[in-house]
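Protein chains: 2
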Amino acid sequence: MDLSPDWVVGFVDGEGCFYVGFTEHPEMTAGYQVLPEFRVVQHKRDIHVLHGLKRFFRHGVVRQNHEDRWELRVRKLDGLKQVVSFFRKHPLKTKKAVDFQKFARIVYWMEKRKHLSIEGLLEMVKYAQGMNTAASKRLKEIESDLLGKLSKG
Amino acid sequence: MDLSPDWVVGFVDGEGCFYVGFTEHPEMTAGYQVLPEFRVVQHKRDIHVLHGLKRFFRHGVVRQNHEDRWELRVRKLDGLKQVVSFFRKHPLKTKKAVDFQKFARIVYWMEKRKHLSIEGLLEMVKYAQGMNTAASKRLKEIESDLLGKLSKG
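The listed protein sequences derive, respectively, from chains Z and D.
Read in order, the letters of the first sequence are residues 1 to 153 in my numbering.
Read in order, the letters of the second sequence are residues 1 to 153 in my numbering.
Since the hints were derived computationally from the structure, they do not count as laboratory data.
A hint or two may mislead.
A pair counts as met if it fits within one copy or between any two copies, since identical chains are not told apart.
Calculated cross-link-like contacts (lysine-lysine; reagent style BS3-like; alpha-carbon spacing at most 27 Å) [unchecked claim]:
(1) K152 with K140
(2) K137 with K44
(3) K126 with K44
(4) K54 with K81
(5) K112 with K81
(6) K112 with K76
(7) K81 with K93
(8) K54 with K93
(9) K54 with K89
(10) K152 with K112
(11) K149 with K54
(12) K95 with K54
(13) K137 with K152
Since the model is a prediction, treat every value here as computed from it, not as a measurement.
Could you put together the complete structure from these sequences and hints?
In structure tokens, the structure reads:
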């Protein structure tokens, strides 16, 4: 399956998801791990499209999401950088572009290891709250946890 | 907003719907009206994309679907012919292409006024049952109603 850049943009405008997870991780200085993730979910009848996208980005894993749903998931930094670089050159047309901008910034910050300090991570958590996919309540909790750590330190 | 054909194909592969409705209509010979419909639904934050698609196809109506959801809907024969002609030239890549093929055949049959005879309509109802968007139970009911009319006639 040969995918053109414009087709990929259109499809991801519809079906793609730029998500940033924050999970507790006691061994890290700031206590949390940052997990940016690019994801496209499809019914298994269209699993060929997920494999096509994986070849297109040359990164990611095709895996089961839930029951009949499968997903392409990109989590590794090299893959995320590839995804970010593609959508910078080929902008999304829906409001998903706003999430993408924030996602791209967070990937950039991770590369710069900003998430390893409490101050840096706090800024990232605040920034991620503007995303459409954000779990706002959870992020608020993490934010106050980090503020607590800062005031103690 | 300038949309390229490939972007439109990708977006419709994700978000488009090719639907054929059959509704009772006592004044028609066969007793049913055939309503093929091309539809793209979006959250209102992306209503600009629906207007972009409307300009792209030069047909259709942008209207509220449900609460925060809006839709571009193409129902008129001229518009449907335009949509069919576009996706014949620019094939969909997901299994939605199967629905599209059936949809296109039904639009063609309507143009040929096949739906005006009971035999013709019966064939269309049977054919539509293979569509992913089909309300199979309802179509089965219509099928047996038409078979009943045929045996009486």
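Checked hints:
1. Proximity of K152 to K140 under the C-alpha cut-off of 27 Å is restricted to the intra-copy arrangement: shortest distance 18 Å within a copy versus 69 Å between copies.
2. Taking identical chains as interchangeable, the C-alpha atoms of K137 and K44 lie at most 27 Å apart only when they sit on different chains, with a minimum of 24 Å there against 32 Å within one chain.
3. In this assembly of identical chains, K126 and K44 lie within 27 Å of each other by CA distance solely across copies; the values are 26 Å between and 36 Å within a copy.
4. Proximity of K54 and K81 under a CA criterion of 27 Å is satisfied intra-copy only: 14 Å inside one chain copy versus 34 Å between copies.
5. Proximity of K112 to K81 under the C-alpha cut-off of 27 Å is restricted to the intra-copy arrangement: shortest distance 13 Å within a copy versus 53 Å between copies.
6. Taking identical chains as interchangeable, the C-alpha atoms of K112 and K76 lie at most 27 Å apart only when both belong to the same chain, with a minimum of 15 Å there against 55 Å between chains.
7. For the identical chains of this complex, K81 and K93 are neighbours both inside a copy (20 Å) and across copies (26 Å), given an alpha-carbon limit of 27 Å.
8. For the homomeric pair K54 and K93, the shortest alpha-carbon distances inside one copy (21 Å) and between copies (15 Å) are both at most 27 Å.
9. In the homo-oligomer, the alpha carbons of K54 and K89 lie at most 27 Å apart both inside one protomer (18 Å) and across protomers (26 Å), since each shortest distance falls under that limit.
10. Proximity of K152 to K112 under the C-alpha cut-off of 27 Å is restricted to the intra-copy arrangement: shortest distance 25 Å within a copy versus 78 Å between copies.
11. For a Cα distance limit of 27 Å, the shortest separation of K149 from K54 qualifies neither inside one copy, at 40 Å, nor across copies, at 53 Å.
12. For the homomeric pair K95 and K54, the shortest alpha-carbon distances inside one copy (24 Å) and between copies (18 Å) are both at most 27 Å.
13. In the homo-oligomer, the alpha carbons of K137 and K152 lie at most 27 Å apart inside one protomer (23 Å), although the nearest pairing across protomers, at 64 Å, exceeds that limit.
Going down the numbered hints, you'll see the structure goes against just number 11.
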